Amino acid sequence: MNPKDDNPSGEVARTLVEFLEVAITMIVFLKGFYPSAAFERRRYMNVVVQRARHPELRDYIHSAAFGLLPFIEKGLVERVAVIFFSEDSVPVERFIFKLTINPSCAASVEEGQLEFALRSFLIKLPVSKSLVKPLPQNCRWEVTAYLRSLPQVCSSKAEELWIPTDTKQWQKPPVITPVKSLNSEPLCLQLYVEHPSLSEPQPCQA
Amino acid sequence: MKRSFGSNSSNNSSGSNKKTKKKATNSSNQKTLGVAWGAASSRSSFRSSPFSDFGSYMEVKNQKLQNQFETEASASASSHGVSDSEKLIFQGVSIFVDGFTIPSHQELRGYMMKYGGRFENYFSRRSVTHIICSNLPDSKVKNLRAFSRGLPVVKPSWIVDSISANRLLGWVPYQLDQLNDTQPKLSAFFAPRRHLAPQVALPVTSCQPETGYSETEEGSSIIAEDAEEARDHVDDETDGVYIENTTPEMTEETRTNDLQSSEVNAERLGNNDIEEKQVSSELQFTPNLLSASDNRSFHASGKHDGKSIAPTSGSSIRRHSTLEDPNFVENYFKNSRLHFIGTWRNRYRKRFHGSSNGLKCEDSGQSTAENAKKSTIIHIDLDSFFVSVVIRNRIELHDKPVAVCHSDNPKGTAEISSANYPARAYGVKAGMFVRHAKDLCPQLVIVPYNFEAYEEVADQFYDILHMHCRKIQAVSCDEAFLDVSDLKDVEPEFLASTIRKEILETTGCSASAGIGGTMLMARLATRVAKPAGQFNISAEKVDEFLDQLPVGSLPGVGSVLKEKLETQKIQTCGQLRLISKDSLQKDFGVKTGEMLWSYSRGLDHRSVTAVQESKSIGAEVNWGVRFRDQQDGHHFLQCLCKEVSLRLQGCEMIGRTFTLKIKKRKKDAEEPVKYMGCGDCDNLSRSITVPTATDDVEVLQRISKKLFGSFCLDVKEVRGVGLQVSKLDSADPSNKGSRTLTSWLSSAPASVHIGQDDSLFAANFRESSDCKRHVAGGVSRLRESNSAESSFQSGDTNSSLPPMCHLDMEVLENLPPELLSELDETYGKKLFELIEKKRGKRKINSNSPHVSSDGTACIKGPKSLSVTIYGLSTSREKVYEEPHVPHPSVARTSSERTIEITDLMPSSLSQVDVSVLQELPEELRAYVSGAFPAHRKQQSSSDAPMETCKKQDQEPSGTKDAENGIGFSYSSLWFGNPPLWVEIFKVSGNCILEKFSEIYYKMVQSRPILSSVLQHTISEIGSFHDASANYLDKAVYDVCELLKQYIKLKVEGDIEEIYLCFRLMKRLAARSQLFLQVYEILSPFLQASINEHYGGSLSIP
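Read top to bottom, the protein sequences are chains P and H.
Per the numbering used here, the first sequence starts with residue 114, numbered consecutively.
Per the numbering used here, the second sequence starts with residue 24, numbered consecutively.
Read the hints as simulated data drawn from the structure, not as lab findings.
Keep in mind that a hint or two might mislead.
Cross-link-like lysine-lysine pairs, in silico, DSSO-like; alpha carbons within 30 Å at most [to be verified]:
no.	chain 1	residue 1	chain 2	residue 2
1	H	Lys-587	P	Lys-237
2	P	Lys-187	H	Lys-1018
3	H	Lys-1018	H	Lys-165
4	P	Lys-187	H	Lys-587
5	H	Lys-165	P	Lys-242
6	H	Lys-87	P	Lys-187
7	P	Lys-237	H	Lys-165
8	P	Lys-144	H	Lys-1089
9	H	Lys-609	P	Lys-187
Computed from a predicted structure; not experimentally measured.
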């Protein structure tokens, strides 16, 4: 009788984390972080995507994305960032997925629509190479999730995999370059790249 | 033929409507027929039918279907043994289901049958009241009015939810989302297409406590809505009952409305007489109000919420809810015992912080681990604190049963909050209804709270404790732990009795003391010692004591846990000790298991520590919360924010993370047993973190409103609201001054406190590195210079004059000459020079202000004027941001000085907010629109609002509020299909703008986004020849306005589009003066918006 009972936002969330897994892999590939031989071509949502060959890398990305599932389901996740940072933990570039799921209207969503919308991200990503900056030596990367509020006590194993990050923040507001925005009903998703601002002194204001 | 007819009419193109109109029934939507009844009829059967034409056929058919429905309905009713319980909740509702829905339309039909509604198979404007559908084809969305004929288009969940709520819910929250897409935050009360719906809940005028004020607030609460706010200000001003206040920072907030002042007063820092009284009474309570409470205490308040009640018990009982009492929040906290306990901590911290806490902290830090073994702890607790304090001076009551309760009304529905020992002997307990208590003990005396006395006694209590011991952990106002391990020379028992004696002598209340090796044991000992005794559990007696102790008396073991333990046949700690730690942890969870294990052995790893800094500050109300509509909710939120802001200020804290907690009635929850309680609720919470910590009430209100909105829930379901601020920082005293606008203004720009709402924009602008031009418009500047103005005028000390670079030339130029020269003197004659200099460099926009002089009229002010002020490059790259004031404030300024500005009309209709115009009474509207110089036909572009005018005229304030609340008008240029701007541009007289609208019309089928319009503009227009200067300014203004509204529309969800537009704009800027100006005006605005939402700036390569 009530379609809301079977938690349709869970369906959206599952699609989303799956998508995130692919997209994160794409970003890492795009950055040339690993040699391109470390990836293999796969097809996802009918688009050619890359997948990590190395099981550990694959596993990291997979667990990162799926570890988010409980938080996304609860609507806690505000942004998911793929952060590339230099040796001294200062971010060089951050790919931000800003997401909002509106659970109240998730009922009517169809899987196909959402996939269609998400596909546009996967199409846009490989052609966004011009946006990104070359990485410095010895850099590292991580996936960071920004939550709307701190989660309550961890209730499952998956959630425990997430730890507070110690990556430094930028002092100045970053420069944002949007990559793709999706503004559909159950899910609003925006992907943009943040670079540190040219740290010139602020003109009028201290 | 059928097929085509069906599709035709379901599209409801106006042509087919006309055709079918004459016929008895407007039929529509063949789809439904097919699914519901099988594709029974075919063309041939129709031909051979006895009906003369299709119309009469449909008439008969509808009649038949209706009869079928009714028969089935009555059949199902009788078969279900008609339910008195199943109310006919859909009485009067007649739905038409369009397209695929979940639940299916068959099910919906069944529901309607069962619950007294009607189900129409064919759409008819006359019989259908609601259209139910899950999604609409694009064509219908575009042509919604043609499709829905003004009926509400609602999601099926409305029906489902209504059934589960067992009453007819408002359909507004269930409106089809697709429709909202085109107009985000479309007002529930203002949407033109809904005006015909029977249950549009237009608010009643009498319950509009804060018309003008809340508008302002609401405006400010919608991010980046300067435009709207600008208009609000005009509203304020033109409301006719506006009284100027000389205190600058109050200017915006003060508006006196004679009719409503009694209700309004709680709302504002008012300045009329009544309000002053209110304020002073508020001030009396500041000790309570200005204090913080930590998380814990408010969780407590969640549990036994509402031992408090509004003071007006004599008056109507309905005042006890948010529904009736506009001062609810304030009264709630004034009378809440839990609030007292909660906020007491902060008071304590302040009081004793300076003296000894510093030392204590260090001490306790060291002693935590090593000394744990040999420590001695005394737990002191005043006996039945809340009662004994009240009766300490009433000896006649000392041995009588007495209980404290907020009210002693004969109904006895109030809860007892504390009872003294004689009363407890009768079985009277805290939390009991007075009625029951009186059954147990008829001679029970009920006394009210006396918060001042509580404070006094608590202070005395702690004074005594601090005299004897340095390591004190204050648990509550009447309860503390003393770590006396270091005091080797004093026997703990002797110390305890000394302290108790002193307490009794000083306060007149008896205290009990427990002594033990750990905090746990000390506390357990106190329990034995009570009342008025003391008890020592020495280390060797611990096991013996615990052996027989029922598990329920361990702290942390509540009724649930106790029951669980009892099912395992564990009743005493002795039995508990037999179970291994692992199995306890397995059964009860890691933490609880650990706790049980160690408590049953008398172990307690906590050590006596000083009061900790609160991690969060907030307020929560779970009692008496009932909202009638969105507005009640927002009003309540505002009050709550005020409270929280006061608490923050009381603690001298500012916070960055704001968490809004909502208690929402569970779907199947009954009205709670406790009067006005919260009952069975779902707890929801959301939070938001802002970059800069704040305690500003307006920021709080803005944020909390946003959060509240994000829950997307029916306000009627809300049973409790709490707002918490965390990530606290101590408010730097140097920042303190900047809390008020005036001081912010008068201080140098460097010290600007960015977290402040109003200044946020301006500050951001300044920060954005390359804003060489001045951005027009924006309420921040409006306000800012507003108060700047008033600070001049109220003759504030000269020292507080803003630096000259902060003055807004626009304002200055429009000042009456005598005023200007006065100002000039204060600036040492430099002002004129500056003005001259500016004038030379600037093209002055001809837009003139537009405030109708009528009391209720409100015409949108120019949200911005397209004046660009070229950086008056005095030195290096230092660029001044000129606070820029749209004219309304000028008008205000001048009216203060009783100098009349006659030419108040905007030069073009494009500056007029159509929605506002339509709200005006008929004759006034005619008058106003008659005053416009040219092209005034656009105003009729949407005729629906006009129709609603009459209705809304009756409750002008209500509609305005509602409209603001959801932000209908701020996107007005983008409202409609095609959007309003297309019309306006079409007749703008500027070839580029006309081109815009032309291109839009070309692509109108696909509802193009702006970037594609721009794209086409670039490709189609080879060269731009800029219009003459006059037209240019106008065009610049129009385009700016368009883009600004577009940014606001898109900034949250689609920066990609904004990014595209601005890249295109940049390309256009290279070719056209017009776009160059627009681009330069808008970049800072864009960056500020982006910064607010994303904490960064957009890179536009």
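Status of each hint after checking the structure:
no. : hint                      : verdict
1   : H/Lys-587 with P/Lys-237  : violated, 56 Å
2   : P/Lys-187 with H/Lys-1018 : violated, 48 Å
3   : H/Lys-1018 with H/Lys-165 : holds, 23 Å
4   : P/Lys-187 with H/Lys-587  : holds, 29 Å
5   : H/Lys-165 with P/Lys-242  : violated, 38 Å
6   : H/Lys-87 with P/Lys-187   : violated, 49 Å
7   : P/Lys-237 with H/Lys-165  : holds, 29 Å
8   : P/Lys-144 with H/Lys-1089 : holds, 28 Å
9   : H/Lys-609 with P/Lys-187  : holds, 26 Å
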